[in-house]
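Per numbering that gives the first Met the number 0, the sequence shown starts with residue 0, numbered consecutively.
Check the hints yourself; a few may be wrong.
Derived SDA-like pairs (lysine to any residue); straight-line CA-CA distance at most 20 Å [what the hints assert, rightly or not]:
{"#": "1", "residue 1": "K71", "residue 2": "I14"}
{"#": "2", "residue 1": "K71", "residue 2": "E95"}
{"#": "3", "residue 1": "K71", "residue 2": "E9"}
{"#": "4", "residue 1": "K49", "residue 2": "E61"}
{"#": "5", "residue 1": "K71", "residue 2": "H30"}
{"#": "6", "residue 1": "K71", "residue 2": "Y100"}
Estimated spans, in silico, between C-beta atoms of each pair [what the hints assert, rightly or not]:
{"#": "7", "residue 1": "S103", "residue 2": "G8", "range": "30 to 36 Å"}
{"#": "8", "residue 1": "L104", "residue 2": "Q62", "range": "20 to 26 Å"}
{"#": "9", "residue 1": "E45", "residue 2": "G107", "range": "24 to 30 Å"}
{"#": "10", "residue 1": "G81", "residue 2": "D55", "range": "29 to 35 Å"}
{"#": "11", "residue 1": "E45", "residue 2": "P74", "range": "26 to 32 Å"}
{"#": "12", "residue 1": "E11", "residue 2": "D72", "range": "18 to 24 Å"}
Please keep in mind that the hints were generated in silico from the structure rather than gathered at the bench. Model, not experiment: these values are computed from the prediction. Backbone N, C-alpha and C fix where the C-beta goes; we use that ideal spot for every residue, glycine too.
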Amino acid sequence: MPNRHNRTGEREMSIAVMRFLAHQPFGEASHEEIREAIPYYTALTEDDMKPSTTRDGEELWEQIGRNIRSHKDSPNNFIFLGYLDSVPGGGLRITEEGRAYLESLDAGK
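Please put together the full structure from these sequences, using the hints given.
Laid out in structure tokens, this is it:
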């Protein structure tokens, strides 16, 4: 669901990443694999697909995806909450807590 700026927020992007990772061997993937998969796991807005002003050759939604790791010390971040882990060498892994969180979201539908 887009935020007030008509862009996908970090929470929604994190959920999309977890949905992708939940179907991967060992529940993990590289940042490149995640970047390629995300458009299939969330509806990106026109504003999400605008070029980033701070990262050449990157769209704004890709920056939000990278923020999952760079904001890992923020209280609402999914790494901080224990739903995701960073993978050495670059990438993310869904945790058991993350799988349980996804199940709780799906149960609420």
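Going down the list of hints, with the structure as the test:
| no. | hint | verdict |
| --- | --- | --- |
| 1 | K71 / I14 | 15 Å, holds |
| 2 | K71 / E95 | 18 Å, holds |
| 3 | K71 / E9 | 11 Å, holds |
| 4 | K49 / E61 | 10 Å, holds |
| 5 | K71 / H30 | 15 Å, holds |
| 6 | K71 / Y100 | 18 Å, holds |
| 7 | S103 / G8: 30 to 36 Å | 19 Å, violated |
| 8 | L104 / Q62: 20 to 26 Å | 24 Å, holds |
| 9 | E45 / G107: 24 to 30 Å | 29 Å, holds |
| 10 | G81 / D55: 29 to 35 Å | 34 Å, holds |
| 11 | E45 / P74: 26 to 32 Å | 30 Å, holds |
| 12 | E11 / D72: 18 to 24 Å | 20 Å, holds |
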